[in-house]
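Counting in the numbering used here, the sequence shown runs without a single skipped number right up to 389 at its last residue.
These are computed hints drawn from the structure, not numbers from a lab. Any given hint could turn out to be false.
The following label-pair restraints were derived from C-beta to C-beta distances [said to hold, decoys possible]:
| # | residue 1 | residue 2 | range |
| --- | --- | --- | --- |
| 1 | E270 | G191 | 43 to 51 Å |
| 2 | G359 | K149 | 26 to 34 Å |
| 3 | N352 | S301 | 32 to 40 Å |
| 4 | P119 | K311 | 29 to 37 Å |
| 5 | R275 | R163 | 36 to 44 Å |
Computed list of lysine-lysine pairs in DSSO-like fashion (alpha-carbon distance at most 30 Å, straight line) [to be verified]:
| # | residue 1 | residue 2 |
| --- | --- | --- |
| 6 | K389 | K362 |
| 7 | K248 | K208 |
| 8 | K389 | K229 |
Positions of the beta carbon are idealized from the N, C-alpha and C atoms, including for glycine.
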Amino acid sequence: MEREQQPGRRTLLGAAALGAGAMALGGAGTATAAGTQTAPGAATAAGASGRGHELPVPTVIGHRGASGYRPEHTFGSYQLALDMGADIIEQDLVPTKDGHLVCRHENDITATTDVSAHPEFADRKTTKTVDGTKLTGWFTEDFTLAELKTLRAKERIPGNRQRNTLYDGRWEVPTFEEVLQWADREGRRRGRRVWLYVETKHPTYFRKLGLGLEEPLAKLLRRYGRHKKDAALFLQSFEPSSIQRLRKLVDTPGVVLLSTVDSRPWDFVEANDPRTVGDLVKPEGLKWIASYAQGIGPDLSVIIPRTADGKLGTPTSVVKDAHAAGLILHPYTMRNENTFLPADFRRGTDPNAYGDAFGAFKAYFATGIDGIFSDNADTALLAAADFRK
Numbered sequence: 001m002e003r004e005q006q007p008g009r010r011t012l013l014g015a016a017a018l019g020a021g022a023m024a025l026g027g028a029g030t031a032t033a034a035g036t037q038t039a040p041g042a043a044t045a046a047g048a049s050g051r052g053h054e055l056p057v058p059t060v061i062g063h064r065g066a067s068g069y070r071p072e073h074t075f076g077s078y079q080l081a082l083d084m085g086a087d088i089i090e091q092d093l094v095p096t097k098d099g100h101l102v103c104r105h106e107n108d109i110t111a112t113t114d115v116s117a118h119p120e121f122a123d124r125k126t127t128k129t130v131d132g133t134k135l136t137g138w139f140t141e142d143f144t145l146a147e148l149k150t151l152r153a154k155e156r157i158p159g160n161r162q163r164n165t166l167y168d169g170r171w172e173v174p175t176f177e178e179v180l181q182w183a184d185r186e187g188r189r190r191g192r193r194v195w196l197y198v199e200t201k202h203p204t205y206f207r208k209l210g211l212g213l214e215e216p217l218a219k220l221l222r223r224y225g226r227h228k229k230d231a232a233l234f235l236q237s238f239e240p241s242s243i244q245r246l247r248k249l250v251d252t253p254g255v256v257l258l259s260t261v262d263s264r265p266w267d268f269v270e271a272n273d274p275r276t277v278g279d280l281v282k283p284e285g286l287k288w289i290a291s292y293a294q295g296i297g298p299d300l301s302v303i304i305p306r307t308a309d310g311k312l313g314t315p316t317s318v319v320k321d322a323h324a325a326g327l328i329l330h331p332y333t334m335r336n337e338n339t340f341l342p343a344d345f346r347r348g349t350d351p352n353a354y355g356d357a358f359g360a361f362k363a364y365f366a367t368g369i370d371g372i373f374s375d376n377a378d379t380a381l382l383a384a385a386d387f388r389k
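Using the sequences and the accompanying hints, generate a full structural model.
Here's what the structure looks like:
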């Protein structure tokens, strides 16, 4: 693993060859089956498809598109991230009342749409408890798709990203099927596949409402040919049971998202499973994840904890342990603004000004992670280039 922490080498992720627990990644060379490595810069096996599509490592994942520059989960955000060169574009999925999957970070659309400005929907405002948290607002599951299409997206955190408010109202809420169609069009235009990273949001909550996410998602993946193990798509969820359910429906690679070490996945809470994220990132927990998934997406604090004063501390063994279990690591989320950076990389006193994002990227990439979610794909790509040579 010492070689994984050395910058200045190029690695390729052969996602076509991914299989549960069968792929281990090395930061110095190329990922191959059974955890072995080829020489740096060598090509991976083509995998079952024979096409040999690959992703560079570190992989840059456009977090909700280019949400540092455009309102998240809009075609404006997705297109900009793709044009910037992001290797993968992320979507979060929630359902409508009539069972369509739409792209929103949360089912609470109060902060991400202009719904509050629509008097015809004033009576839809309500209070709900979602995964143990009480929320008051408007929720996708109370709207038909036709009703949602009358809304327009807006910047979620205008206090931090005032410039993004320039684009409020320009784009509607996209359906996931529209995203699949967009990705196919862009793929044909560019002569290469457009990769997507798709999250099921609050799957246990929605299943209790009779709006299970996995079945309609799998149906769409099959319809658009993204249901195979060499698909240009990763499935992700903070609930391991959602990835387990999806594995029974499609062969698309799955990634278990992991919050802070002291937290518990909500499906664990519902099932009275006492395990925490801290348990899941131990070797035995990682081995369990590798039995049904191909990777983990931990909070960056799981990779490098912060000290009491908010600075980066000592890296954990999670990268080494996950690679030993045959798992890839795509932690989240890097942003350029001071308020989101570790204290030792903040610059000046304005919390919304850019800090030393490149320094923070370097620290995280040096641990040997295989990719990262970022709101600022252009910054992430420049930082990743130093670790791809």
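Cross-check of the supplied hints:
At roughly 45 Å, the beta-carbon separation of E270 and G191 lies within the given 43 to 51 Å, and the hint holds. Between G359 and K149 the Cβ separation comes to about 43 Å, which falls outside the hinted range of 26 to 34 Å. Checked against the hint of 32 to 40 Å, the pair N352 and S301 fails, with Cβ atoms roughly 22 Å apart. A hinted range of 29 to 37 Å is violated for the C-beta pair P119 and K311, which are about 48 Å apart.
For the pair R275 and R163, the beta carbons lie near 42 Å from each other, so the given range of 36 to 44 Å is met. Distance check on the hinted pair: K389 and K362 sit about 14 Å apart at the alpha-carbon level, within 30 Å; holds. With a CA separation close to 20 Å, the supplied pair K248 and K208 stays within the 30 Å bound. Only pairs whose Cα atoms come within 30 Å are accepted, and K389 paired with K229 is accepted, the gap being roughly 28 Å.
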